[in-house]
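Make the complex out of the two chains shown on their own, each in a separate frame, by following the hints.
For the record, the sequence lines run as chains A and B.
Per my numbering, residue 1 is the first one in the first sequence, and the count goes up by one each step.
Per my numbering, residue 1 is the first one in the second sequence, and the count goes up by one each step.
Heads up, a few of these hints could be off.
[Stated by the list, open to error] If you want a taste of the chain A side facing chain B, the calculated C-beta under 10 Å gives, among others:
{"id": "1", "residue": "V13"}
{"id": "2", "residue": "L33"}
{"id": "3", "residue": "A55"}
[To be verified] With the C-beta cut set under 7 Å, the calculated list includes, among others, these residues of chain B facing chain A:
{"id": "4", "residue": "P112"}
{"id": "5", "residue": "Y314"}
{"id": "6", "residue": "V337"}
{"id": "7", "residue": "S346"}
{"id": "8", "residue": "L349"}
{"id": "9", "residue": "R357"}
{"id": "10", "residue": "I369"}
{"id": "11", "residue": "L371"}
{"id": "12", "residue": "Q390"}
{"id": "13", "residue": "P428"}
{"id": "14", "residue": "H470"}
For the record, the hints were derived by calculation from the structure and aren't laboratory data.
Fair warning: this is a prediction, and the values are worked out from it, not measured in the lab.
Virtual Cβ for every residue (Gly too), placed ideally from N, Cα, C.
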Amino acid sequence: MTAKVVVEDVERVAELAHLQLTPGETGAMLHDLNAILDYVEELNELDTAGVVPLAQVTELMDAAGGGLRGDVVEPSLDRSTVLAEAPETNGVFFKVPKVIER
Amino acid sequence: MLSEAKSTQTFVEKPKTLAELRAQISFGATKAVDLAVGYYDRIAEINPRLNVYLSLSKERALAQAERMDALAGKGDPLPPLAGIPVGIKDVMVMQGAPATAGSKILEGYRPPYDCTAVARLEEAGAVLLGKLNCDEFAMGSSNENSAYGPVRNPVDTERVPGGSSGGSAAAVAANLAVATLGSDTGGSIRQPASFCGVVGVMPTWSRVSRYGLIAFASSLDRIGPFAANVRDAATLLGVIAGYDPKDATSSTAPVPDYAAESGRPVDGLRIGVPAEYFAEGLDAEVRAAVESGIDALRAAGCSIKPISLPHTKYAIPTYYLVATAEASANLARFDGVRYGYRSAASNTLSDMYSHSRDEGFGAEVKRRILLGTYALSAGYYDAYYGKAQQVRRLLAEEFLKAFAEVDAIVTPTAPTAAFKLGEKTGDPMAMYLADIYTVTASLAGICGVSVPCGTTSAGLPVGMQVLARHLNEGTAFRVARAVEAAQV
Chain A
1 MTAKVVVEDV ERVAELAHLQ LTPGETGAML HDLNAILDYV EELNELDTAG VVPLAQVTEL
61 MDAAGGGLRG DVVEPSLDRS TVLAEAPETN GVFFKVPKVI ER
Chain B
1 MLSEAKSTQT FVEKPKTLAE LRAQISFGAT KAVDLAVGYY DRIAEINPRL NVYLSLSKER
61 ALAQAERMDA LAGKGDPLPP LAGIPVGIKD VMVMQGAPAT AGSKILEGYR PPYDCTAVAR
121 LEEAGAVLLG KLNCDEFAMG SSNENSAYGP VRNPVDTERV PGGSSGGSAA AVAANLAVAT
181 LGSDTGGSIR QPASFCGVVG VMPTWSRVSR YGLIAFASSL DRIGPFAANV RDAATLLGVI
241 AGYDPKDATS STAPVPDYAA ESGRPVDGLR IGVPAEYFAE GLDAEVRAAV ESGIDALRAA
301 GCSIKPISLP HTKYAIPTYY LVATAEASAN LARFDGVRYG YRSAASNTLS DMYSHSRDEG
361 FGAEVKRRIL LGTYALSAGY YDAYYGKAQQ VRRLLAEEFL KAFAEVDAIV TPTAPTAAFK
421 LGEKTGDPMA MYLADIYTVT ASLAGICGVS VPCGTTSAGL PVGMQVLARH LNEGTAFRVA
481 RAVEAAQV
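Just chain B, with the same shape it has in the complex (with noise of 0.2 Å):
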């Protein structure tokens, strides 16, 4: 609830749940068309006003629905996600559709497939609505480093949704999606789900298949849900997780049904809270939601054990040599040569690569290349990406040993609530922190569920971050559903 006056606007609106809908397409109740048109005339008057879709693709959304109608109209059984309008991060392909990545070097782009976690996401039914907006090449912590225009948060259009995936996070939060997927490397999931009061999953790394996601920092980057609901969020994570011949690092491990996890009672389970995630920089009232949070998984039969970290001060450096590092390789394939934009001011091969990738790229995603590119130079290499490929495993043991005491980590997903827009642009130091709670579990690979936990005094959602080990997505769900259940 807002409480003071504002000349800002709120668009907040809760989808309904995937259960319902399903049931009411399965019965005829509704026609997956008309809850897909429905969704269109809600973007074609709201997002002028929050700019989360840059691409519609209607033609594929229509057909889809019209398939899912015909299969309920023959009393056929229908698919998990039948009809379910969803959208998908610019920074996955869709084929034919534009696919951005949020960067002027990629407009006008159509690629020839799809990527898989979306082409499962339309095997179980889903109606793919477009495309969203996100940070260029899903570097930034606001969404105000897209090359088509800030994201705005639909709770209050003066602060930003969080990033990169504030697209993805904002149409859930203003119901022009019932669901949607992002991608995380560092924080891009969990952040903007905080910020925009809604649950947002970043899978363990190699779970969810990575082929047809426009590459960031290989190492670290994952695909995952965005949903009003832990439950629903669940089932959409089982829907796109698994091994894909098409992606040689991802896990043959059996895909659990998730969403019957997210259901299961928390009593008994040892939560660890790491005291260096609640030191000095955390936001009083982000404190207090979480602490409520916490108080709610005590009453609900957990014990809480206090732990330690230490090395996660090390992480935000850790992580911006390792990410920079493997985009600066990553983003060597934007040449100019065989897609995307090529500038017209040159004579020579040599200037076409280095003015196109200039005219195409924007600051933060050129600071990033050349940083990246630094560390891995002659002469720098052992100094600042190997050394941090050494802390990377520092960080990460120390993950596995507080594992062993405990079945979830809980921490607040970021130290403060959505600042306002321009707040951070000016100072890149300043916009890295706001990733500090993300980064580590980014680095450790392990899995992590951000869940709203309360409001500040001024309405701004909290967001909660819960942490398990490598491939139990299934117990992250179950204590991000405990704390879901005491919030009013």
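So that you can see chain A by itself, here it is in the shape it has in the complex (with noise of 0.2 Å):
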């Protein structure tokens, strides 16, 4: 596992993650994953064969979280008052931009 990235590696990543980076963020990003990447290596020298991932930990605790809520019907916020933190909106849906250019 040397997999160092190169500029398109990064590219498809922040697509991945829609982020447009400008020509600059991506070199710095560049050096930067390498750097990090370069130093997780570390965790190769450890053998890890047939350890379970861990993926959080409530399994290792006596007392656990509560469960699920019974599924009935509570008051949720307003539509009113939500819509009212958006960019853009009709009074009743969000707005966005066309999805599909033509």
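In structure tokens form, the structure reads like this:
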């Protein structure tokens, strides 16, 4: 595993993450990502064959979360309160620029 | 005490204790309203020098203070934090108040609800002064990643307060609040507490509801208190801890009387000192201060046991893969559609997403989103994110094994005292290493307290980190209190 990233990798990942990087940013991120990925290579010193991944820690505790709430309809935020925070609405829905270019 | 002549300034002032303030308010010797106004006056005077507060919630604060004065006037029993002025890290939402998370992308956002931890403070009588500066989306170790400028350390204004909860730590150190809330994902409460000379608490993951906390890395994020002393920090945790139906991951375990726990004697406690936390890279003066704290515990009747946590060196790479992977998913919600910043330079939906995010996020946030996206992407998932999750289990099991032998583990909170502004901003890896002693406990989900244990010859505070097993905050408070009691 010596997957060092090149400019095309940064551009591909930026696209996946919906980030429109400037050329200057792409260069800087290329440098930083390679430095960080070099550093995390250290993990390959460890033999983790058969180790079950740990995604979060509740299984390590005696008392875990309270579980799921009852499936009951409860009042939620008022539509106008929520829409008031949006950059653009028509009063009923959020408005966004056109999805398909013609 | 600053021993050398400096061009810098110090704004350190110790707040009164909760017990003192509560007594004054309940007997009417101090009006909660006057106390709040006094704090706003001090904020107006000093905040321009420290950049601690990003916004003030005066109307809500004064209304609450009036309610507390009215209760006191009637001789009614007062809630535990009646009239106590507190500040909130700007990653927790308060209805109608700005919530920036230190980011331009949330400029102008006014959330329509309250964070559970914040609401619980207010129900307990606290007066919410305002929102505190932090690194953007809590990503940073120096508070220099805030889109609203860095916080300065009240001990020495040329130095950073630590991060990401830099404003929360500095506010208590400079008496711009009696206590504050911060959040800790990889060290963001403990490290700034150490740098500013205050007490900071990272509770067990799940101990405090995360409802209303703007998410960074959900399997690591915790809300916790800062205060000027251990007992007050313990009191605050008791108020905010406990199950919340709005966070299904919050623990149903009963909440003990942490303040009472913090006062219990420590004699007979077994304290582990892990060799890996005292190795190369630890500043000599920090080591000396932490060792003096260990001596104090020995003198108080603890047995000190050398232990080994050999996987410690893998914690930083593991943390930066796990945290960034989770961040890349959590921060996908900032898209310019429902709230926050939308770029004007876009004709299509896809352009609008990517321009809004590029213009709205700062460099460190983008760096972490890219790293996390890469670690989760097809072809790399197993090698990076999967591998990190496996090492995370090894790190957690190592702690659980150690806690079979000891009741608490003590370490330095950070390898150095507060560094200078600008010292590490050019080198992300150097900045990440500031969290070398804090991230392991974050990954394991255990609890920890940073308590002041001395100063360097230049007068900079040093913190000792006290770690305890899951849901054993009481033990961590006891040990921290014993270290605090030995300080002159």
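Discussion item. Check the structure against each numbered hint from earlier and tell me which ones fail, lowest number first.
Written reply: none
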